[in-house]
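**Student:** Hey, can you work out the whole structure from these sequences and the hints?
Residue numbers (my numbering), protein chains in the order written: chain A, 626 to 885; chain B, 626 to 885.
You may find that some hints are simply not true.
Which copy? The list can't say, so a pair holds if one copy fits it or any two copies do.
Stated by the list, open to error - Here are the simulated DSS-like pairs of lysine-lysine, each with C-alpha atoms no more than 25 Å apart in a straight line:
id, residue 1, residue 2
1, K782, K664
2, K782, K675
3, K675, K664
4, K664, K857
Don't read these hints as lab results, they were simulated from the structure.
Everything numeric in this text was worked out from a predicted model, so none of it was measured.
There are 2 protein chains.
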Amino acid sequence: MLTIGQLAAYAGVTVRAVRHYHQIGLLPEPERDTSGYRKYGAPAVVQLIKIRTLADAGVPLAQVGRMLEADPATFAEAVERIDAQLRDEIDRLAASRRQVARLTAGDSLVLPPPVVAYLDRLREIGTSDRILAGERDGWILIAARWPDQVLEWMPDKMAQLDDPRVVRLYQLLSEIVDADVVDDPRVTEVVDLMVELAEQAEAAGVIDVHETGQDDDISFALLDDLADAADKRAERIRELMRERGWDGWTRTQRVKEPPG
Amino acid sequence: MLTIGQLAAYAGVTVRAVRHYHQIGLLPEPERDTSGYRKYGAPAVVQLIKIRTLADAGVPLAQVGRMLEADPATFAEAVERIDAQLRDEIDRLAASRRQVARLTAGDSLVLPPPVVAYLDRLREIGTSDRILAGERDGWILIAARWPDQVLEWMPDKMAQLDDPRVVRLYQLLSEIVDADVVDDPRVTEVVDLMVELAEQAEAAGVIDVHETGQDDDISFALLDDLADAADKRAERIRELMRERGWDGWTRTQRVKEPPG
DNA sequence: CTTGACCCTGACGCTGCGTCAACCCTGCAT
DNA sequence: ATGCAGGGTTGACGCAGCGTCAGGGTCAAG
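**Tutor:** Below, the structure is given as structure tokens:
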């Protein structure tokens, strides 16, 4: 006769596990000796080994009981099911690993490589870390909303950085946030530049709208909100822009006529 | 400003998940509107997307917070750890699958192929299902205790079945259990056979002990117990065997002189 | 007689939410 | 004004498979 500890040792499991199997009815409660100790016979050992064999094979305990009583056909069917579940789980984890492999650097965390390249380019032209962080967050939102289109947009965005005025714009913005003074005179220059660029884009018929519909208004609002939340000078610039007839950080467009 | 539902939809998660992230402090609780509704800005969306990206990559939520604040070196280190854990988990599951693949039939459940072959052989010579079930359980115990040695023992065991007396023994035992009468006269014949075989083995110097030590006494006791538990005629046979000077079902040996 | 190694039951903890329950708010159609 | 659908709020239990206390009692040996 075995105590619970001996039984567990024989089958290579913990005492707690054996008690757990009792609780869920997988292993019948054995007789007790005078002092209340459980005492097990050989059949319990066999049963426990069977249980562990199935459990080690990845069978959920809830199904182990049924499987041990099943006829060969039902058994085979259950094995099939379990195997399919294991396959799925392995696939899921493998996908996770591929994801993890892409997390080597901070930037590539949530962003596709072309966007990371764009951010790197921004850094090269002297953009400050705070502006970069803001840009990164913005692109995170964009990549979440238009995961496919964003890849098409990147060549255009990248090309814009070849325009010295755009470079100047980012440098000005960097200086402004880094200086951190209340009424920075360079704000005016920024607004001039932005208006100039917007007007040129309008003339060329490219309003940075690409293929987004009205469903996306909320997304653009979020992007603008993001900029405003990042730095209060952003709000000031938007105000000045509105006075000049333009609205929106991300999707700059003509201010709609106020109704009435 | 977004409600919790809009936020969740934007990031592709459930409302419940968002609230969970609040609870565990992964996502800061936002402002409330006059009626107590949470209202979120763009930064929350970004944060939520970052969280999901790491979580989807298999990072435990408990580590996500730290990782999002970590410097690149610490981050890379953490990524390494996560990847190792994922590898382990995948290996575990793959091993499970290999196990599951071996579970096609009931017999091979816990037993290595040579033992299954032996059981098949037993069935062929006309052994009854109940005896077979007992044998199977016995071999389960043996395979659990001596997983390596059992493979060495099988050729001998298999060869024993070429002896007509052994075949006769199993057939007699089968008839006895199937008949299920109290004082089956065939029991005598069984005992005669067993004694004959034991004496022959003794003469040949092979006492079926192989390389087991005294630590294994408990295992043999279990095996004998298993037989006794399976059928009460087993006990009767053991008694008769003891009268003839032999003890033990599995490791038959001379009865030790009673002390005193 | 003490000590250490077991045994007992009962209960909480872990992961990442799903799923009620019971109630309040909002916006639209009637 | 009313009703209703479809949001939102907190609180709490449930899941798998045990690990891990807590607070006892028991056994074998020195």
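**Student:** So, for every hint listed, does it hold in this structure?
**Tutor:** Structure-based check of all given hints:
Neither within a single protomer nor between protomers do K782 and K664 lie at most 25 Å apart by alpha-carbon distance, with minima of 76 Å and 32 Å respectively. For the identical chains of this complex, K782 and K675 are inter-copy neighbours only, at 23 Å across copies versus 63 Å inside a copy, given an alpha-carbon limit of 25 Å. Proximity of K675 to K664 under the C-alpha cut-off of 25 Å is restricted to the intra-copy arrangement: shortest distance 19 Å within a copy versus 54 Å between copies. In the homo-oligomer, the alpha carbons of K664 and K857 lie at most 25 Å apart only across protomers (20 Å), although the nearest pairing inside one protomer, at 74 Å, exceeds that limit.
In terms of the numbered hints stated before, the structure departs from hint 1 and from no other.
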